[in-house]
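Peer 1: These protein sequence lines map, in sequence, to chains A and B.
FYI, the numbering for the first sequence is 1 to 255, going by the numbering used here.
FYI, the numbering for the second sequence is 256 to 648, going by the numbering used here.
Do not take every clue at face value.
Claimed, not checked - With a Cα cut of at most 35 Å, we get these calculated DSBU-like pairs of lysine-lysine:
hint : chain 1 : residue 1 : chain 2 : residue 2
1    : A       : K91       : A       : K79
2    : A       : K51       : B       : K591
3    : A       : K16       : A       : K81
4    : A       : K201      : B       : K591
5    : A       : K51       : A       : K27
6    : B       : K478      : B       : K548
7    : A       : K16       : A       : K91
8    : A       : K91       : B       : K548
9    : A       : K51       : A       : K79
10   : B       : K522      : A       : K201
11   : A       : K27       : A       : K81
12   : A       : K27       : A       : K132
13   : A       : K27       : A       : K91
14   : B       : K591      : A       : K27
15   : B       : K591      : B       : K478
Said to hold, decoys possible - Far from chain B by the CB rule (all over 10 Å, computed), these chain A residues:
hint : residue
16   : K79
17   : D126
18   : K132
19   : D152
Hints in this document: simulated from the structure, not taken from any laboratory.
Yeah, the Cβ is synthetic: ideal placement off N, Cα and C, and Gly gets one too.
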Amino acid sequence: MSKALLYDATMCIGCKQCEAACAQQNKLPYDDRVAAESLQSEHKYTVVVTKDDKFMRRLCMHCERPACASVCPVGAFHKTKEGPVVYDVWKCIGCRYCMVACAFAQPKYEWGSLNPRVRKCIMCPDRVTAGKQTACADICPTGATKFGDRDDLIQEAQARIRDNPSTYQPRIYGLHEVGGTCVLILSSVNVEEYGYPASGKIGDTPMPEYTGRVMERIPDFIPVWSLVLGGIYWISHRRDEVAAAEDGENNRRTR
Amino acid sequence: MKIKLTFWRTVFLTIMAMGLYSTFVRYFRGLGAISNMSDQFPWGLWIGFDCLCGVMLAAGGFCVIGAVYLFNVERLHSVVRPAVLTAFLGYLLFIVGLLFDLGRPWYIWHQLIYMNPHSVMFEVGMCVMAYTTVLFFEFLPNVFEKFNLNAPIKWIKRIYPVLIVLGILLSTLHQSSLGSLYLIMPSKLHPFWYTPALPFLFFGSAISVGLAMTIFESTQSAKAFGRHLELPVLVSLGGALLVALWVNALLRFEDYFHRGMLGQIIKPSYEAYFLWLELILAFVIPITMLSFKKVRLSPQGLYLASIFTVLGFITNRLNVSLTGFETYVGHHYMPKWTEFSVTLMIIAMGFALFGVAVKYLPIFPEEEHAVNTVLAKAREPDVDEAVLSHAGD
Numbered sequence: 001m002s003k004a005l006l007y008d009a010t011m012c013i014g015c016k017q018c019e020a021a022c023a024q025q026n027k028l029p030y031d032d033r034v035a036a037e038s039l040q041s042e043h044k045y046t047v048v049v050t051k052d053d054k055f056m057r058r059l060c061m062h063c064e065r066p067a068c069a070s071v072c073p074v075g076a077f078h079k080t081k082e083g084p085v086v087y088d089v090w091k092c093i094g095c096r097y098c099m100v101a102c103a104f105a106q107p108k109y110e111w112g113s114l115n116p117r118v119r120k121c122i123m124c125p126d127r128v129t130a131g132k133q134t135a136c137a138d139i140c141p142t143g144a145t146k147f148g149d150r151d152d153l154i155q156e157a158q159a160r161i162r163d164n165p166s167t168y169q170p171r172i173y174g175l176h177e178v179g180g181t182c183v184l185i186l187s188s189v190n191v192e193e194y195g196y197p198a199s200g201k202i203g204d205t206p207m208p209e210y211t212g213r214v215m216e217r218i219p220d221f222i223p224v225w226s227l228v229l230g231g232i233y234w235i236s237h238r239r240d241e242v243a244a245a246e247d248g249e250n251n252r253r254t255r
Numbered sequence: 256m257k258i259k260l261t262f263w264r265t266v267f268l269t270i271m272a273m274g275l276y277s278t279f280v281r282y283f284r285g286l287g288a289i290s291n292m293s294d295q296f297p298w299g300l301w302i303g304f305d306c307l308c309g310v311m312l313a314a315g316g317f318c319v320i321g322a323v324y325l326f327n328v329e330r331l332h333s334v335v336r337p338a339v340l341t342a343f344l345g346y347l348l349f350i351v352g353l354l355f356d357l358g359r360p361w362y363i364w365h366q367l368i369y370m371n372p373h374s375v376m377f378e379v380g381m382c383v384m385a386y387t388t389v390l391f392f393e394f395l396p397n398v399f400e401k402f403n404l405n406a407p408i409k410w411i412k413r414i415y416p417v418l419i420v421l422g423i424l425l426s427t428l429h430q431s432s433l434g435s436l437y438l439i440m441p442s443k444l445h446p447f448w449y450t451p452a453l454p455f456l457f458f459g460s461a462i463s464v465g466l467a468m469t470i471f472e473s474t475q476s477a478k479a480f481g482r483h484l485e486l487p488v489l490v491s492l493g494g495a496l497l498v499a500l501w502v503n504a505l506l507r508f509e510d511y512f513h514r515g516m517l518g519q520i521i522k523p524s525y526e527a528y529f530l531w532l533e534l535i536l537a538f539v540i541p542i543t544m545l546s547f548k549k550v551r552l553s554p555q556g557l558y559l560a561s562i563f564t565v566l567g568f569i570t571n572r573l574n575v576s577l578t579g580f581e582t583y584v585g586h587h588y589m590p591k592w593t594e595f596s597v598t599l600m601i602i603a604m605g606f607a608l609f610g611v612a613v614k615y616l617p618i619f620p621e622e623e624h625a626v627n628t629v630l631a632k633a634r635e636p637d638v639d640e641a642v643l644s645h646a647g648d
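With the hints as extra help, turn the sequences into a complete structure.
Peer 2: Written as structure tokens, this is what we have:
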């Protein structure tokens, strides 16, 4: 069963310990200066955004059907059965199609490096496969970021909305968006105000299906189109051959 | 031999010098230092122009080959070799462009071993690789002929039908797939340019530009190398171009009509201005021009119409790859001068290599009529200079 993270913005106190734990887990620099940065970058996989005294966390959504994995020409991204979408740097050729394709704009790039890598939250795959929580969920003092089975977390989120309908927006962001994600978000305000793409805009269709509709035709297209082209070639040249042969015959007759 | 420093040579050398400096910055300071690309704009001018437009501009090869060998348009036979040469150089330079744009170009061969058949980029990569090989074989006879090697020419003649069919198949696939690349970004690309019809539109524009580029090239070569201009060739290309433009225009209209966008595209907005520019350059001007028989029969008219077509579709592809993302990102992307200089260097290399190939290989057929030869000879300028004069075009 797929693991997931449930982030409940109403429980978040903006302590940014998740940021620090994430940096430590991924061996990234973290100090006051980095803590003050409100944008994700190649050295900051997750960020807690503050707006109007409310907090919102951003991180890779770990889509059930990830666009990054489907577009990568060398398959450097893949979805593990536990849920994390992970990155194999040794395959990467640096085309950055993943960055353009991601609806949540999560992959970031090491623009200053001479051998640059794509950077994003990979949901602590080593910890998850070892049966442990992600570093961010582990350290969260209020339980705002909770780790667990995706199905259990969905039920819990639905229960929280049911029990406190006045607190929450009546939706779980990530439940259906782009075919479902392994990061689920509960909030008292619209997540769109904190930089998340609008549900209506990204839709419920898994991203890979948009290109898949075309790509799945190709295996049929190749033989059919080859036959058509070959056929046209044969016909147009056969006409020449026939004409040449008739010419030869006519010449012989007139002689 | 003393080499004179003419105006165009100076331009060419300046472009190459700036390009070499930028190349140094690219490989010793990184992508961040050389370009204005960022996490918000991961694809910039190099993908928009060098790749998307480059492949489109090299489409003349398969258009002409298709016309001559599949549909027996014998008149176009004389432009097959220059068109194949342009396509071959175009694809080689496209790969050079990729080596600049890829973050880890030394792993470009990973395509061949870590294959992901779901990826449009993978399909484009494989097709381009295979098609460049096909073009190489279609180009080889020029070299063999030069050195009077008849045996290998015979071998290539024998596989020529396969090369032709394969070349057109691969071109159909990757020209349209360049459009499919953007199908996965429905929430990012502006609705003026995001449409499920993208692969068809990209294929259609490749054919139009392929024809227009062949007209442009023939006229330009005639000027530069003092060759006799074969009007019947240009006239049939111009006719085909008019048809192709109409088909493209109808496709665009149908697309906007079915998506209910007609009302929006006539309302002024930042994107609308760019869209209008594109539509006027690519459709309104060349279609109007080519609708007059007088223009269709005049070399200058055809030349001008082909330039408008090419500029229009370049605008179209830059809109798809750059303009269309600005609203989503929330700010403008303007390439750094070093990005421009790399692009310019690649274009200049293309013109120079074309000139060198024309000078040393039998690309253009021998002039048929003695009179024309005399006329041509009389106008023939220094070929080197002709080569360089292209660099600034």
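Peer 1: Next, verify each hint and record whether it holds.
Peer 2: Results for each hint:
no.: 1; hint: A:K91 <-> A:K79; verdict: 15 Å, holds
no.: 2; hint: A:K51 <-> B:K591; verdict: 34 Å, holds
no.: 3; hint: A:K16 <-> A:K81; verdict: 29 Å, holds
no.: 4; hint: A:K201 <-> B:K591; verdict: 32 Å, holds
no.: 5; hint: A:K51 <-> A:K27; verdict: 28 Å, holds
no.: 6; hint: B:K478 <-> B:K548; verdict: 23 Å, holds
no.: 7; hint: A:K16 <-> A:K91; verdict: 33 Å, holds
no.: 8; hint: A:K91 <-> B:K548; verdict: 56 Å, violated
no.: 9; hint: A:K51 <-> A:K79; verdict: 32 Å, holds
no.: 10; hint: B:K522 <-> A:K201; verdict: 22 Å, holds
no.: 11; hint: A:K27 <-> A:K81; verdict: 25 Å, holds
no.: 12; hint: A:K27 <-> A:K132; verdict: 18 Å, holds
no.: 13; hint: A:K27 <-> A:K91; verdict: 21 Å, holds
no.: 14; hint: B:K591 <-> A:K27; verdict: 33 Å, holds
no.: 15; hint: B:K591 <-> B:K478; verdict: 34 Å, holds
no.: 16; hint: K79; verdict: 12 Å, holds
no.: 17; hint: D126; verdict: 22 Å, holds
no.: 18; hint: K132; verdict: 30 Å, holds
no.: 19; hint: D152; verdict: 29 Å, holds
In the structure shown, a violation is registered for the earlier hint numbered 8 alone.
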